[in-house]
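A.B. asks: Line by line, the protein sequences are chains A and B.
Each residue of the first sequence is one higher than the one before, starting from 1 at the first, in the UniProt record's numbering.
Each residue of the second sequence is one higher than the one before, starting from 1 at the first, in the UniProt record's numbering.
Incorrect hints may have been included.
Stated by the list, open to error - Quick list of simulated restraints, FRET-style, between CB atoms:
1. B:HIS372 <-> A:ILE40: 53 to 63 Å
2. A:LEU36 <-> B:PHE455: 31 to 41 Å
3. A:PHE47 <-> B:VAL111: 27 to 37 Å
4. B:TYR328 <-> A:TRP45: 23 to 33 Å
5. B:PHE94 <-> A:LEU36: 43 to 53 Å
6. A:ASP26 <-> B:LEU45: 20 to 30 Å
7. B:GLY285 <-> A:ASP26: 46 to 56 Å
8. A:PHE47 <-> B:ASN170: 22 to 32 Å
9. A:LEU36 <-> B:TRP153: 20 to 30 Å
10. A:ILE40 <-> B:TRP337: 19 to 29 Å
11. A:ILE40 <-> B:ASP122: 52 to 62 Å
12. A:PHE50 <-> B:PRO171: 30 to 40 Å
The hints are simulated quantities; they were obtained by calculation from the structure and are not laboratory data.
The beta-carbon is built from N, C-alpha and C at its ideal position, and this holds for glycine as well.
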Amino acid sequence: MSQATEESASEPSAETIREIGHDEYDPVGTFALIGLYFLILVFLWFFMYFVEFLGNDPTVVSGTAVVVALV
Amino acid sequence: MSNVYIDQFPAEAKVIRAAFYSSFLALALGGVFGIIQTLHRTDFLRFMDSVDYYTVLTAHGVFLVISFTIFFLVGIFTWAVTTSLDRGLEDIRFTWGWYSLMAIGITMTGVAILAGFTDAIDMSASVLFTFYAPLQAHPLFYLGLVLFVVGTWVAGVDWFRSWWAWKAENPDERIPLPTFMVLTTMLMWYIATLGVAAAILLFLLPWSLGLIETVNPLLTRTLFWFFGHPVVYFWLMPAYMMWYVMLPKFSGGKLFSDPLARVVFVLFLILSVPTGIHHQYLDPGIAEGFKFIAMTNTMFLLLPSLLTAFTVVASMEHGARQRGGEGYFGWLKALPWRDPVFTGMALAGLMFAAAGFSGMINAGMNINYLVHNTFWVVGHFHLTVGTAVALTFMAVTYWFLPQVTGKALWSRSVALGQVVVWFVGMTFMSNAMHRAGLLGVPRRTAEPQYEGFEFQAAVGSIGELDAQIALGGVLLTISLGMFFANVVGTALNGRSDDLPANEYAGALSGPDDAPLVLDNLKLWTAIAVVLVIFAYTFPLLSIIDRGGLFGPEVIPFPLTVESATTLGFALETAASTSFESAGEIATSALTAVMR
């Protein structure tokens with residue numbers, strides 16, 4: 001009664017217009033979406049690190065730089 | 001007999017209903033305190049004294065992240081085990097036993113917190129969800145928490161009993177995925193709660209009862225975070241379970257990979273606990289090296305979440321393509337966006353993706369300094385537990401409530417509106433909280449405005465951020481109202497014969513493709529324990545070595561106005577003394593350098 005396995009088949013709902021099996025399925029949309037997410041993550045991380053973190057004084061990093069410069 | 005859950009397992013459905021209603025009661029209370037503090041903090045409506053802010057904040061935190069989430073998840077875990085093993089629980093009296101323990105426990109804790117609003121009873125527990133010493137609560141608060149957690153432990157035993165009984169009858173079968181998820185989550189929970197059990201039973205409760213004079217605040221705090229980080233996975237893993245076993249079904253497809261789902265839950269079991277110290281990057285008294293180990297573990301923990309993002313999106317895409325979707329992004333249009341259950345979960349997942357970003361910032365040891373103890377962190381966890389978990393739970397309620405009551409949902413349109421309003425409200429509120437945090441606005445503060453000082457915003461202003469936060473808070477409250485209207489409306493409905501069958505999603509790549517070792521729970525538990533020993537033995541020993549098991553002398557600090565004034569004066573004196581001495585040191589150092 002429980003899992004809609006391949007045998008008992010997740011009753012193809014009214015909206016299902018085709019069955020796509022394991023071998024025919026190529027998740028290119030997932031690749032595109034996750035790729036886009038990855039690009040956003042990388043951009044935001046760079047923004048956070050270089051603009052917000054290093055741009056906001058004092059930070060540990062810039063503090064160290066000042067000490068090094070003084071020495 | 002129909003294929004609805006209440007007909008298959010009537011006794012269990014009753015327990016699940018009780019757990020759901022307890023959870024919703026907590027959600028209502030927590031929501032009320034949420035809007036009160038939002039309007040207070042942003043200074044739009046202040047009808048209470050700021051002294052009561054911590055009581056409101058404690059109630060908001062504990063009711064939502066302890067009672068709402070955990071009552072709901074014990075409900076769906078019970079559903080998951082019984083449905084996927086296709087057998088009732090071994091002894092329903094045992095089940096009612098753990099439910100009662102949880103209910104009595106959280107009532108005790110709740111009474112202790114709410115008593116803080118009145119002077120008529122000499123009781124308070126305004127210690128926030130984190131109950132850091134030296135903030136001290138009434139013993140009832142700690143005792144209640146203990147009973148509640150013990151209740152969840154016994155619940156775990158109940159589900160393990162079901163699995164053992166099933167295994168005896170089906171020795172060669174793989175553990176069905178939902179049960180596998182419940183068991184791994186509970187194993188993680190057993191390890192994680194050892195920390196909070198030790199903090200409460202060995203230190204905080206005896207201290208609150210007056211049996212011991214002092215505690216070591218860093219020790220109890222570290223033990224809290226031993227539990228405090230994995231508890232977020234205790235909320236999140238049930239939401240993940242819904243995304244893996246239900247969302248593909250509602251998308252019109254199948255789970256992309258059962259083995260990958262198992263890998264994810266195993267990774268959570270072994271990596272959730274040895275990471276807690278990343279909440280303590282700014283705590284003095286823990287060596288940087290230990291913090292670095294915690295950071296490394298935390299970064300590894302991104303892996304199961306990213307695996308989940310891939311698997312869940314791939315499963316949704318499978319559904320969309322079966323429904324006729326085409327193209328790289330065009331398939332998104334083919335998803336069933338008019339279904340509140342689907343839309344709620346999908347929007348929750350989208351918010352979780354945003355939370356992944358702010359979580360990465362929190363996790364980095366250096367960049368964490370930028371946001372630590374600011375409103376950013378509050379924005380972050382309103383995306384995770386406040387949306388990824390809460391919105392998923394509310395959305396699946398629209399499927400589960402008919403299953404466990406046998407009654408049709410009151411209104412699908414209101415349900416759809418509810419999940420969208422929640423998403424929009426949280427977008428306003430959480431985004432503004434993140435930005436405010438970057439400006440340095442602190443968290444846990446009733447009145448975050450100071451005379452003679454203004455937060456500098458490069459874009460926008462504090463007034464604009466406050467307006468967004470208040471607007472978001474109001475939208476979230478409206479959304480909660482719509483949710484409860486649906487819950488009550490459904491409960492008042494008559495029995496329906498036209499409900500969907502109780503089943504969960506099939507898998508494109510099923511359990512037979514998963515290596516057998518994944519089901520070896522003993523192995524993964526052993527690895528998890530070893531990692532915890534590696535990550536925590538030396539930090540804990542060093543904390544005890546420096547500060548003593550029961551700490552240096554600490555003045556117990558129940559939150560009252562008198563003690564706040566005294567403490568404020570003491571801090572002021574200490575600060576000015578240390579400034580003076582720092583000034584002297586600096587002067588002498590400068591003189592020495594000039595010479």
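A.B. asks: Against this structure, judge whether each hint is valid.
C.D. replies: Hints, verified against the model:
For the hinted restraint 53 to 63 Å between B:HIS372 and A:ILE40, the CB-CB distance of approximately 24 Å leaves it violated. Taking the beta carbon of each, A:LEU36 and B:PHE455 are about 33 Å apart, inside 31 to 41 Å as hinted. For A:PHE47 and B:VAL111, the hinted distance range of 27 to 37 Å is not satisfied, since their beta carbons lie about 47 Å from each other. Checked against the given bound of 23 to 33 Å, the beta carbons of B:TYR328 and A:TRP45, roughly 24 Å apart, stay inside it.
Our hint of 43 to 53 Å for B:PHE94 and A:LEU36 holds, since their Cβ atoms are close to 49 Å apart. With their beta carbons about 54 Å apart, A:ASP26 and B:LEU45 fall outside the hinted range of 20 to 30 Å. The hinted range of 46 to 56 Å is satisfied by B:GLY285 and A:ASP26, whose Cβ atoms lie roughly 53 Å apart. Against the hinted window of 22 to 32 Å, the Cβ-Cβ separation of A:PHE47 and B:ASN170 comes to about 53 Å, which falls outside the hint.
Restraint check, A:LEU36 to B:TRP153: a C-beta distance of roughly 43 Å breaks the suggested window 20 to 30 Å. Under the hint 19 to 29 Å, the C-beta atoms of A:ILE40 and B:TRP337, about 22 Å apart, fit the expected range. Taking 52 to 62 Å as the suggested C-beta distance range, the pair A:ILE40 and B:ASP122 conforms, at roughly 53 Å. At roughly 58 Å, the beta-carbon separation of A:PHE50 and B:PRO171 lies outside the given 30 to 40 Å, and the hint is violated.
Going down the numbered hints, you'll see the structure goes against 1, 3, 6, 8, 9, 12, while the others check out.
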